[in-house]
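Engineer: Chain residues, written in single-letter form:
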Amino acid sequence: NAGVTQTPKFRVLKTGQSMTLLCAQDMNHEYMYWYRQDPGMGLRLIHYSVGEGTTAKGEVPDGYNVSRLKKQNFLLGLESAAPSQTSVYFCASSYVWVPDGANVLTFGAGSRLTVL
Amino acid sequence: KNQVEQSPQSLIILEGKNCTLQCNYTVSPFSNLRWYKQDTGRGPVSLTIMTFSENTKSNGRYTATLDADTKQSSLHITASQLSDSASYICVVSPYSGAGSYQLTFGKGTKLSVIP
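If you read the protein sequences in the order shown, they are chains A and B.
Under our numbering, think of the first position of the first sequence as 1, with each following residue one higher.
Under our numbering, think of the first position of the second sequence as 1, with each following residue one higher.
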């Protein structure tokens, strides 16, 4: 099925370790986003991309880096993981810029990260 | 600061009954409001999207209403089914010309439908 695929689905890290979450979409969407979801909070935007080769900071970018080398992939990296980064991470994509008009944001199934 | 408040936090209803979830927002200027359904362990899935000029939108047994004057929206679920058990998230988009790039997400209402 077409959609947004995230890998891995689960990961446990020790403080200070690094890792990369991969997001892949097969809908030829121009825009991609990384969110985190924490208990008792709404989803918060970490970084986003408006096209291949572009990235921009969202609401909570500190401690994360991203890359969009190919249009279909958006990578989220943690260089030195901290317990505060324990969260569920969602990748999403859209055909047009989401705040403009009634267009749909398609989410992946999420990646649950635990930092000990 | 843009905010989206949802109520109730959680709700338990019997299968077959109707329910209404509330969303109040302070996002201004406002572009559109969305309702998403998030099953446990899954990503959110779009139910409805309403622009500021629309006051009702239906998707099967789900009906969303919007009052842009009072900045309130509701999601009404008719004849609930066990598969409706999920979190329902209200999301508000600012008008992008105002310079904001991001959506404001509510914390969600957790609905449990029991037999």
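Treat the hints with caution; some may be incorrect.
Here are the simulated lysine to aspartate or glutamate pairs, EDC-like style, with alpha carbons at most 20 Å apart [unchecked claim]:
no.	chain 1	residue 1	chain 2	residue 2
1	A	K9	B	E54
2	A	K57	A	E30
3	B	K1	A	E59
4	B	K107	A	E59
5	B	K107	A	D38
6	A	K71	A	D38
7	B	K110	A	E30
8	B	K107	B	E54
9	B	K1	B	E54
10	B	K71	B	D84
11	A	K14	A	D62
12	A	K57	A	E79
13	B	K17	B	E5
Covered by chain A, according to a simulated footprint, are these stretches of chain B (three or more residues, beta-carbon under 8 Å) [to be verified]:
no.	region
14	44 to 52
15	103 to 113
Now the in silico label distances, taken between C-beta atoms and shown as ranges [what the hints assert, rightly or not]:
no.	chain 1	residue 1	chain 2	residue 2	range
16	A	L22	B	N55	37 to 43 Å
17	B	A79	A	M41	28 to 34 Å
18	A	Q72	B	T56	33 to 39 Å
19	A	S80	B	G60	42 to 48 Å
Honestly, the hints are just simulated from the structure, not real lab data.
These numbers come from a predicted model, not from an experiment.
Positions of the beta carbon are idealized from the N, C-alpha and C atoms, including for glycine.
Engineer: Run the structure past the numbered hints and jot down the numbers of the failing ones, going up.
Structural biologist: Those not satisfied are hints 1, 6, 7, 8, 9, 10 and 13.
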